[in-house]
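Asker: As a plain string of letters, each chain reads:
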Amino acid sequence: MENKRQITYLEAIREAMQQMMRKDENIYLIGEDIAEYGGAFGVTAGMVDEFGKERIRNTPISEAALIGIASGSAMTGMRPIAEIMFSDFMTIAMDQIANQAAKARYMFGGKASVPMVIRTPGGGGTGAAGQHSQSLEALVAHIPGLKVVMPSCPYDAKGLLVSAINDDNPVIFIEHKLLYKNKRYVQYVPEEVYGISLGKGDIKRKGKNLTIAATSFMVQKSLEAAEEIKNEKGIDCEIIDIRTLRPLDLDIILTSLEKTGKLMCVEEAPVFGGFMGEVAAQVAEYGFDLLDSPILRVAGRNCPVPYSLVLENEMIPGVERIKEGIVDLFEKI
Amino acid sequence: MELKKQKNRTKRKFEINGYTIEDRFRGLDRETKIEMLRKMFQIRHFELQTEQFIIRGMIHGTCHLYIGEEASAVGTIYATKKDDYITSNHRGHGHCIAKGADLNLMMAELLGKSTGYCRGRGGSMHIADVGSGNLGANGIVGGSMGIATGAGLTARMKNNKKIVICFFGDGAANEGIFHESINMASVWQLPVIYLCENNIYGMSTPMQEAFNIKRISDRKISYGIDGLTIDGNNLVEVYNTVSHFQRECRRGRGPVLIEALTYRWKGHSKSDAQVYRSKEEVSEWMKRDPIKIYSGELIERKIITRKEIEDIENRARDDIKKAADFAKSSPFPDPETIEEDVYA
Ligand SMILES: Cc1ncc(C[n+]2csc(CCOP(=O)(O)OP(=O)(O)O)c2C)c(N)n1
Ligand SMILES: [Mg+2]
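Same order as they appear, the protein sequences are chains A and B.
Just so you know, this note's numbering puts 231 at position 178 of the first sequence, and the rest follows in order with no gaps.
Just so you know, this note's numbering puts 27 at position 37 of the second sequence, and the rest follows in order with no gaps.
These are computed hints drawn from the structure, not numbers from a lab.
Do not rely on the hints blindly, as some may be mistaken.
[As the list claims (entries may be wrong)] Lysine-lysine pairs mimicking DSSO-like chemistry, simulated, CA-CA at most 27 Å apart:
{"no.": "1", "chain 1": "B", "residue 1": "297", "chain 2": "B", "residue 2": "277"}
{"no.": "2", "chain 1": "B", "residue 1": "72", "chain 2": "B", "residue 2": "311"}
{"no.": "3", "chain 1": "A", "residue 1": "106", "chain 2": "B", "residue 2": "297"}
{"no.": "4", "chain 1": "B", "residue 1": "277", "chain 2": "B", "residue 2": "292"}
{"no.": "5", "chain 1": "B", "residue 1": "3", "chain 2": "A", "residue 2": "234"}
{"no.": "6", "chain 1": "B", "residue 1": "260", "chain 2": "B", "residue 2": "282"}
{"no.": "7", "chain 1": "B", "residue 1": "3", "chain 2": "A", "residue 2": "106"}
{"no.": "8", "chain 1": "B", "residue 1": "297", "chain 2": "B", "residue 2": "204"}
{"no.": "9", "chain 1": "B", "residue 1": "3", "chain 2": "B", "residue 2": "152"}
{"no.": "10", "chain 1": "A", "residue 1": "234", "chain 2": "B", "residue 2": "151"}
{"no.": "11", "chain 1": "B", "residue 1": "260", "chain 2": "A", "residue 2": "236"}
{"no.": "12", "chain 1": "A", "residue 1": "286", "chain 2": "A", "residue 2": "257"}
{"no.": "13", "chain 1": "B", "residue 1": "256", "chain 2": "A", "residue 2": "106"}
{"no.": "14", "chain 1": "A", "residue 1": "257", "chain 2": "A", "residue 2": "283"}
{"no.": "15", "chain 1": "A", "residue 1": "164", "chain 2": "A", "residue 2": "76"}
{"no.": "16", "chain 1": "A", "residue 1": "106", "chain 2": "B", "residue 2": "277"}
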């Protein structure tokens, strides 16, 4: 294992795009400052050298049109991968995402398809404040007609992106800024192309006392919290990475609950109306008998993401808050 | 820069893009002329200090420096009235300082301190001081264009004789809200000056990749409004142009689109390797330093001496040092306050 190559989340995402683009010339990238500049976070750095500016297509600062154009080209034979520089800016393109791309197949009687991926980084922790740090996954996951994916590690990022590109429907692929280049989260990622099915969660840590369902960067935080709490209190957490918010893999959560009887949900977005509310509701509907204590959500505070580091740390759940949650839930027997 | 400009000293008028503009700058009192230079120096040194904070890792988020564009903010704001409104963008420190913001509170905000304008909640991209007419910087490109237009609607509905300056970049001119806002402002004849600071790049994207027109002000035709392109590095030209149009605007003659050509000396934001432009291009533009141009103008018009200019710069440097000290010695916000102002 050690001598296998370890790459970052960002490199895994780039590799998925490069390999898929080599196989299918209908795949192209569209977004702001993605060519020479390589995108705001450097995800597409160097790609213009291989694929040229026709296929690594810079746009003016026009999110609504760039998503509309990606959708229209997808409907007519291309397979675009659009980049929205910060997930917050999806709101500017929301008509094109929610009313156009998401609806085409169904409203046109199944006779249209929009094979498009929208890649966009979400989340905070970078001091970018209220308009560049949001976790808006619930907004898109609410809309029938959109698949929503949030990878938490390099291996998943590559496999899920390959599947998203191969999918014939619009997929919102939400990356996390703090995962991109962080060497701490490098991982072995196979060089060959592989897909990970959309709609399948993943057990990231096996455990028997308590189930944690988490998304994106919160999976990493939960893993850290789980190790510490195991050492400190002997509580053994099972961690489920939701991975695909829609379609949601409820079974993997219910199966885990059969063993643990306790569910804690961890997400970065403000708790009110967050995606984990849906997870909690479905578990209550379909798995109530499996629960031996109330479901607990650990999530962002109900405020915009503040700028100052001390406030931002208070807003976004960290390892300490997750550990407190675990103890709370465990002691509620 | 190929501005068609003929200066006619005796008539005290400029011809710019077919508009005849009076040299109102000339009639200003000496204090105001010097005050404008002081503001430009304050902006310059504020940004140099900010850059130092960035290098030393003291700024948690990102910052967009305004160095090289000082004439645009100062010339524009000094041509309007104290209680007029402004809206700004992500590159907003200059607009904010020109509008008279407290340097201490600005610097404290950059360092995320509780004494900052937004109590540490906004940072560089969100400084606002609504009470003084500064409706805020904005992290969303084009995001303030609707807000500015709304303030224009207030001015009209309340008939309060105020006007609005909407600062935005060339990049923002390609957001849909640019079109929707200016069109409505025109239809409703709102008193808004849309001041496009064209520094020829939106992040890494050069103008020619994002537009198929040479001048953004040419878009005036599609809205049925006045518009022109000026040298944004020449404070006197900015001042005179905005003076002219703010009168028109205040008289109810609707919005105007002014494109001020300028250049940012530094990278787009905190991290920018600047692969999209050449060192030569940057140094060419640095020769057209707005502060040097204005200082030269003041010396030529015998308003000030070189020695006095040095003193002004030194004082500005001190002002910034004090602001930096204030910011550094201020406390961080109390995490307990995080949900204050949350109403839903
Ligand atoms: C809606 C939106 N899209 C993209 C961005 C990212 N972004 C921030 S500043 C910027 C460039 C803006 O260019 P311009 O308006 O010309 O202003 P300048 O930075 O040149 O002063 C971009 C693309 C953003 N903040 N908001
Ligand atoms: Mg620009």
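Asker: Decide, hint by hint, whether the structure agrees.
Answerer: So, going through the hints one by one against the coordinates:
no.: 1; hint: 297(B) to 277(B); result: 21 Å, holds
no.: 2; hint: 72(B) to 311(B); result: 26 Å, holds
no.: 3; hint: 106(A) to 297(B); result: 52 Å, violated
no.: 4; hint: 277(B) to 292(B); result: 22 Å, holds
no.: 5; hint: 3(B) to 234(A); result: 57 Å, violated
no.: 6; hint: 260(B) to 282(B); result: 26 Å, holds
no.: 7; hint: 3(B) to 106(A); result: 47 Å, violated
no.: 8; hint: 297(B) to 204(B); result: 41 Å, violated
no.: 9; hint: 3(B) to 152(B); result: 26 Å, holds
no.: 10; hint: 234(A) to 151(B); result: 52 Å, violated
no.: 11; hint: 260(B) to 236(A); result: 21 Å, holds
no.: 12; hint: 286(A) to 257(A); result: 20 Å, holds
no.: 13; hint: 256(B) to 106(A); result: 26 Å, holds
no.: 14; hint: 257(A) to 283(A); result: 15 Å, holds
no.: 15; hint: 164(A) to 76(A); result: 26 Å, holds
no.: 16; hint: 106(A) to 277(B); result: 33 Å, violated
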